[in-house]
Structure formats: C-alpha cells, structure tokens
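**Student:** As a plain string of letters, each chain reads:
Number of protein chains: 2
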Amino acid sequence: MEINFCNLCGATSEQSIPEGDDKPRAVCTQCGHIQYQNPKIVNACIIEHDGKILLGKRTIAPRIGCWNVPAGFMENGEATRTGAIREVKEEVLADLKNVTLFGVYNIVQRNQVHVYFRGELAHPHFGAGAETSDAQLFAPEDIPWDELAFPVGITALKRYIKEMESGDFSIQEQDIVIDYEMLKKFDV
Amino acid sequence: MEINFCNLCGATSEQSIPEGDDKPRAVCTQCGHIQYQNPKIVNACIIEHDGKILLGKRTIAPRIGCWNVPAGFMENGEATRTGAIREVKEEVLADLKNVTLFGVYNIVQRNQVHVYFRGELAHPHFGAGAETSDAQLFAPEDIPWDELAFPVGITALKRYIKEMESGDFSIQEQDIVIDYEMLKKFDV
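First to last, the protein sequences are chains A and B.
Residues in the first sequence are numbered consecutively from 1, following my numbering.
Residues in the second sequence are numbered consecutively from 1, following my numbering.
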C-alpha cells in the first residue's frame with residue numbers, strides 16, 4: 001500500500017530507516033510517526049460432508065467464476081479459527097463442527113499467510129452467500145481442478161484429499177510460490 | 001492504531017461502514033480510500049540444544065529484564081519460518097537447523113497471531129543480540145517461569161517441555177487470554 005501521508009497528523013510521509021531499525025519505513029516528516037506494513041492473514045476452512053468437499057464459486061475479483069475453499073482476510077477481534085468459521089458462514093452459509101488446524105501457507109510474493117483449517121458440516125445446510133454465486137459438494141474425483149481460484153487452495157485441497165483416504169491428517173507449514181507467467185493465461 | 005488522515009491523499013478519514021461491508025472502517029472523506037486494520041503476525045522459535053532451551057533477556061518494553069523465547073513481528077517479504085529464523089539470529093545470534101511448526105496462538109485482545117516454531121542450534125554459538133542483554137541455555141527444571149515475559153511464551157514452553165520428554169511433538173492452535181488484572185502486578 002502506498003503511504004504518502006501520515007495517519008496521525010496528515011503531514012507528508014517519506015521512506016527512511018528509523019534509528020535502531022535496518023529497513024525503510026514510512027516515517028512522518030512532521031510528527032515522526034512510523035507506519036509499519038506487515039503481512040496479512042487469510043483464514044480458510046476445507047469443509048467435508050459425507051466424503052465430499054464443499055466449495056463456493058466466486059463473484060468477486062480476482063478469479064471471478066472460479067471455485068474456491070471458503071477463505072478471507074482476518075479481522076481484528078477474532079482468532080484464526082473463528083475467522084475461518086465466520087468466512088464459511090458468510091460465503092457458503094454453513095455451520096461447522098470439529099474445526100482443527102490443517103496448515104500454514106506462506107505466500108511471500110503477496111505478503112500473506114493463509115491459515116487453513118479443516119472441519120465438517122454441523123448439519124447438511126449450505127448455499128451461496130456473500131461474494132458467492134453457487135455452493136456445491138464435490139466428490140474428490142469430481143473436483144474441478146482447472147477451475148479452482150488459487151494455487152494455495154489447490155495445494156491445500158490436494159493434500160487434504162490424499163490424507164482423507166488414510167484418515168491420517170497432518171499439519172504442515174509450506175511456502176506457496178506464485179507463477180506469474182502461468183497466471184497471465186488466466187487474465188488476473 | 002489511530003487513523004485520522006488518509007494515507008493516499010492526506011484528507012480527513014472517518015469511521016464509517018463501506019457499501020457491501022458490515023464493519024466500520026477508516027474511510028477517506030475526500031478520495032474514498034478505505035484503510036483496513038488487520039491482526040499482525042509474531043513469529044517465534046523455541047530453541048533446543050543438548051536438552052536445554054535457549055532464552056534471551058529483554059532490554060525493551062514491555063517486560064524489560066524478563067526472559068523470552070526469541071520472537072518478533074513478521075516483515076513483508078518473508079515467510080513465517082524465515083521470520084522466526086531472522087528473529088533468532090537478531091536477538092540471540094544463533095543459527096538454527098530442523099525448524100518446524102509448533103503452534104499457532106491467537107491473542108485476540110492484542111489483535112496478534114503468534115506462529116511458533118521449534119528448532120535446534122546448528123552449532124553451539126549464541127549470545128546477546130539486538131534488544132537482548134543476555135542469552136542462556138536453561139535445563140527444563142531451571143527455567144525461570146516467574147521471570148518469563150509473556151503468557152504466550154509460557155504456554156508454548158510448558159507444552160514443549162512436556163512433549164520433549166516423550167519426543168512426540170504436536171502442532172496446536174490455541175487462544176491465549178491475557179489476564180489484565182494479573183498484569184497490573186508487573187507494571188506493564
């Protein structure tokens with residue numbers, strides 16, 4: 001994000017290295033306020049019901065019309081787990097049970113950390129909610145891999161489906177590297 | 001953080017609920033730019049060497065003079081794991097090997113998520129680095145619990161020590177609730 005002006009006093013901010021620091025920050029030329037920029041957290045949940053996976057179809061950019069694991073930016077005042085549960089409720093109108101940690105995915109190129117959970121439908125009710133035009137349960141063999149929205153969701157889902165065969169789920173921390181050349185094909 | 005002025009154009013920002021949103025945000029009264037505020041990530045690493053744990057003594061507020069698991073705010077351009085490795089290098093001048101995920105700790109009252117790793121010293125060299133006056137290896141029975149800086153570090157270390165007895169480490173996601181009444185005793 002561009003930082004031209006100070007949040008506190010409205011004067012001009014400039015990039016400089018504060019005393020005792022080793023990285024350039026947005027420092028106010030008047031009041032000296034330092035505005036730090038840090039990675040953001042996205043919470044997500046892979047939802048299973050009767051051996052199938054619940055996905056939502058996106059109505060917002062990027063990747064409009066693609067299927068996705070329900071996910072969204074974490075808000076202040078919530079935990080990673082409650083953030084994932086909220087996103088699921090908003091996007092695919094579903095209530096969850098047995099929600100546990102599944103993975104931590106670093107997307108360094110986007111300054112994002114995606115915290116993935118896995119859970120089950122608390123009851124078999126769901127539908128298209130906010131930013132979503134459709135919600136469907138997919139058997140593992142029917143997942144539309146070519147129409148999935150993001151590399152992180154594909155990576156997490158592939159591991160989930162591999163592990164659900166044995167029922168022996170792991171928790172992994174992994175880097176997701178975005179192939180910008182490949183993305184050009186999708187016009188994002 | 002207080003947001004009185006817009007980062008982009010310097011005009012006044014006001015709290016209002018943007019269209020399609022359900023939460024108040026800092027919205028610029030002139031250009032309409034919305035500045036979101038989201039939780040920050042702290043990366044940490046519990047370091048083991050010859051059955052002992054490496055801790056650093058803090059020279060910065062809060063909790064000056066207390067012992068802590070090396071930890072710090074994640075920077076843009078790094079992964080959670082590399083952030084933890086960087087903090088360890090900065091604070092206790094140590095290089096690590098076998099670094100793996102240990103826990104995700106939500107501190108909702110602080111709008112923070114602490115991502116804990118565990119690792120081993122790559123070689124037996126360490127010392128007091130940035131923001132640190134001392135670095136020492138502690139046998140589990142010698143850890144100065146009453147002089148540890150933060151509840152999240154205490155919670156993570158207690159589980160680590162319990163699990164190191166069996167060698168069977170788990171990865172957990174957990175909420176840390178800060179007892180502000182208790183903290184008053186420490187004058188933080």
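Don't read these hints as lab results, they were simulated from the structure.
Please note: incorrect hints may appear among the correct ones.
The list cannot tell twin chains apart, which means a pair is met if one copy fits it or any two copies do.
Unchecked claim - Taking lysine-lysine and the DSS-like style, the derived pairs with C-alpha atoms no more than 27 angstroms apart in a straight line are: (1) K89 with K23; (2) K23 with K52; (3) K23 with K97; (4) K52 with K158; (5) K23 with K162; (6) K52 with K97.
**Student:** Compare the structure with each hint and give your call.
**Tutor:** Here is what the structure says about each hint:
| no. | hint | verdict |
| --- | --- | --- |
| 1 | K89 with K23 | between (39 angstroms within a copy, 16 angstroms between copies) |
| 2 | K23 with K52 | neither (47 angstroms within a copy, 33 angstroms between copies) |
| 3 | K23 with K97 | between (43 angstroms within a copy, 26 angstroms between copies) |
| 4 | K52 with K158 | within (13 angstroms within a copy, 38 angstroms between copies) |
| 5 | K23 with K162 | neither (42 angstroms within a copy, 38 angstroms between copies) |
| 6 | K52 with K97 | within (15 angstroms within a copy, 39 angstroms between copies) |
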